[in-house]
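A.B. asks: One-letter residues, chain by chain:
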Amino acid sequence: MSEKNLIVLKNVAKHYQMGNSIIKAVNGINLKIKEGEFVAIMGPSGSGKSTAMNLIGSLDVPTKGEIYLDDHNISHLSESDLAQVRGKKIGFIFQQFNLIPSLTAKENVMLPMIFQEVKELEREEKAQKLLEIVELKERMNHYPSELSGGEQQRVAIARALANDPEVILADEPTGNLDTKTGEKIIDFLNKFNEKGKTVVMITHEHELALKHARIIYWLKDGKINKITKKEKGGWKSIKNEK
Amino acid sequence: MKTYFILASKNLKRRKLRSWLTLIGIFIGIAAVISLISLGNTLKATINSQFDIGSLDIISVRAGGISGLGPAGASVSNPLLEDDVKAIERIGSVKYAISKYTRTMKMEFNDKVVFLGVTSLPDSRRINDVYEELDIITEYGRLLKEGEEDRIVIGKNIADKIRNGLEKDLKVGDRILINEQEFRIVGILEGKGSFRTDNLILMNEKQLKELNEIANEVDLISVKVRSLEQVDFAKEEIEKLMRVRRNVKEGEEDFEVSTPEATLATVNQILLGIQIFIVIIASISIVVGAIGIANTMTTSVLERRKEIGTMKAIGARNKNIFYQFFVEAGLLGLIGGILGIILGIGISYLGTFSLNNFLGINTKPSIGFALIFFSLIGSFLIGAISGIIPAMKAANENPVEAIRG
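Top to bottom, those sequences are chains A and B. Per the numbering used here, the first sequence starts with residue 2, numbered consecutively. Per the numbering used here, the second sequence starts with residue 11, numbered consecutively.
By construction, these hints were calculated from the structure, which means they are not laboratory data. The beta carbon of each residue, even a glycine, is placed where N, CA and C say it ideally should be. One or more of the hints may lead you astray.
Said to hold, decoys possible - Short, incomplete list of chain B residues facing chain A, as computed with Cβ under 10 Å:
{"#": "1", "residue": "G175"}
{"#": "2", "residue": "K178"}
{"#": "3", "residue": "K316"}
{"#": "4", "residue": "E317"}
{"#": "5", "residue": "T320"}
{"#": "6", "residue": "G325"}
{"#": "7", "residue": "N330"}
{"#": "8", "residue": "P409"}
{"#": "9", "residue": "G415"}
Given the sequences, and given the hints that come with them, work out the whole structure.
C.D. replies: As structure tokens, this is what we get:
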């Protein structure tokens with residue numbers, strides 16, 4: 002694992018206007034995620050972990066503070082520039098799989114490459130290779146509706162990796178799957194992590210986080226409540242570095 | 011761009027019935043445009059051919075203000091006279107003038123009686139000029155000679171038992187009673203697919219006048235002008251002369267001098283008016299169709315918010331989303347257009363077929379490549395334009411909100 006900080010959040014806040022009141026979904030978060038790390042973000046519902054993920058994944062811009070992705074400040078980018086950043090550097094995995102129902106498994110994997118204007122032949126080759134890795138080569142011409150939940154999530158993993166992103170951002174990736182199928186999904190995430198990909202997983206399942214992550218950020222009321230790190234001999238609380 | 015077409019067509023495949031129903035507007039509009047424009051062209055071509063304008067240097071003079079296809083001048087209070095023919099022929103720009111008669115006469119054959127229009131042929135050497143004007147040749151037998159009596163030549167439809175009402179084909183050599191007088195058929199004209207020529211019955215002028223008890227009046231004067239450039243001038247000269255001869259003031263004429271060009275222009279103007287009217291109706295249908303597409307696309311954007319959010323999450327820029335929905339709307343329009351073109355062509359063929367049957371002619375529907383090409387482009391554009399607002403709405407979705415569905 003390198004010492005390079007891939008994702009840095011500096012004093013990041015995200016406030017929403019809801020009628021007359023302002024909701025402080027995220028209220029002053031500082032974190033640094035190093036390249037090659039396997040990070041879990043934990044917290045009860047309403048703790049701001051979804052908002053945090055949107056900010057890390059550059060789906061959203063912060064109300065306050067700065068976000069750096071691979072040393073680039075992305076806090077003030079336009080929607081189109083953010084889309085470019087996301088497409089290149091981040092691979093999303095969703096709880097609901099979010100495959101495009103009108104496209105086959107292979108076409109779903111090719112889609113992010115279309116947005117990066119990868120050539121057609123290259124797209125096809127890459128999609129096939131990725132589907133082979135997630136053990137879905139035989140089913141690559143099936144539509145999402147013809148695939149099981151586990152299979153759909155594996156297609157989603159392949160899709161997340163299509164543009165060789167720096168980070169895989171998984172939002173409750175096993176939330177809609179049974180334990181055994183979920184394990185397999187996490188195994189794939191581990192495999193890619195071992196190959197050097199940074200994985201950020203948002204989850205509320207303690208066991209999952211404890212078993213696989215090396216650092217856990219515990220969120221509460223829009224703030225980082227504590228940070229625990231897996232070391233020899235068990236989990237240790239560490240101080241949040243500003 | 012090709013990718014957007016593939017993505018859009020894949021999305022169209024899983025469209026629900028109601029999206030297809032919204033295409034009816036475009037479908038009917040395009041079908042109306044195609045069928046009516048092509049039928050209009052066919053009708054124009056048919057009518058023009060019915061006028062049998064072999065030569066544009068022939069001017070017709072009729073009594074009364076009535077222009078038309080019926081037996082001209084047959085029941086006019088102040089008819090043209092034989093002297094008028096001679097007077098017109100003395101005009102400098104006129105090459106010759108021929109008196110013409112067309113009368114409905116009683117025909118008996120095969121124990122059946124029918125009433126058909128019979129046209130006169132001059133007793134003079136002018137007979138050949140008339141043949142030239144009519145531009146006719148016989149398929150069977152021969153044409154009448156100068157002054158030949160008790161003989162007739164008939165058109166193709168008159169010989170045909172399906173069309174002549176006599177329930178028997180007429181052949182060269184057959185004897186037929188016309189106004190109680192026996193005639194022998196000596197020739198059957200070659201079919202031209204034109205109502206006028208194919209329904210001709212030609213008879214010697216003197217005999218036609220006798221049988222119809224015509225004294226010195228003339229139904230129609232056919233005037234040949236010396237050259238095409240002199241047609242308008244000759245028309246004015248004839249009008250001037252006839253005003254004097256009939257003692258009427260300018261603007262109060264009880265006769266009509268018509269050039270083929272003027273007649274054609276009037277007919278074409280009426281047809282154009284009809285076509286414009288129909289195109290307006292079709293446009294309304296297309297506008298309704300466009301609104302339908304805008305509506306179905308808006309629904310589709312709402313239904314697919316999650317998909318839009320996902321696409322944005324995996325790197326789609328606003329313009330990528332816009333193009334996808336834009337092209338999809340265009341393809342919807344195009345499909346409506348293709349269906350409309352198919353229906354429109356069907357209607358044109360059916361309409362032409364009916365017209366052919368009704369008039370006993372043989373025309374083909376004129377559906378130009380350009381008409382189809384522009385209909386296709388047009389229907390795609392109508393769809394795409396209708397999709398602009400929904401596509402913009404889709405493109406501007408906030409990814410965070412959209413992804414929640």
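A.B. asks: Less than 10 Å between beta-carbons is the criterion; does N330(B) satisfy it with respect to chain A?
C.D. replies: holds (6 Å)
A.B. asks: Given P409(B) as an interface hint, is its Cβ closer than 10 Å to any Cβ of chain A?
C.D. replies: holds (5 Å)
A.B. asks: With 10 Å as the cut and Cβ atoms as the points, is E317(B) at the interface with chain A?
C.D. replies: holds (6 Å)
A.B. asks: G325(B) was flagged as interface toward chain A. Is the shortest Cβ-Cβ separation under 10 Å?
C.D. replies: With a minimum Cβ separation of about 2 Å from chain A (threshold 10 Å), the hint on G325(B) holds.
A.B. asks: Is the shortest C-beta separation between T320(B) and chain A less than 10 Å?
C.D. replies: holds (4 Å)
A.B. asks: Hey, does the K316(B) contact hint survive, CB to chain A under 10 Å?
C.D. replies: Status holds, d = 7 Å.
A.B. asks: Does the CB of K178(B) sit less than 10 Å away from some CB of chain A?
C.D. replies: violated (68 Å)
A.B. asks: Quick check on the hint: G415(B) CB to chain A CB, less than 10 Å?
C.D. replies: With a closest approach of 8 Å, the G415(B) hint holds.
A.B. asks: Close enough to count: is the Cβ of G175(B) nearer than 10 Å to one in chain A?
C.D. replies: violated (64 Å)
Consistency note: the structure conflicts with the earlier hints numbered 1, 2.
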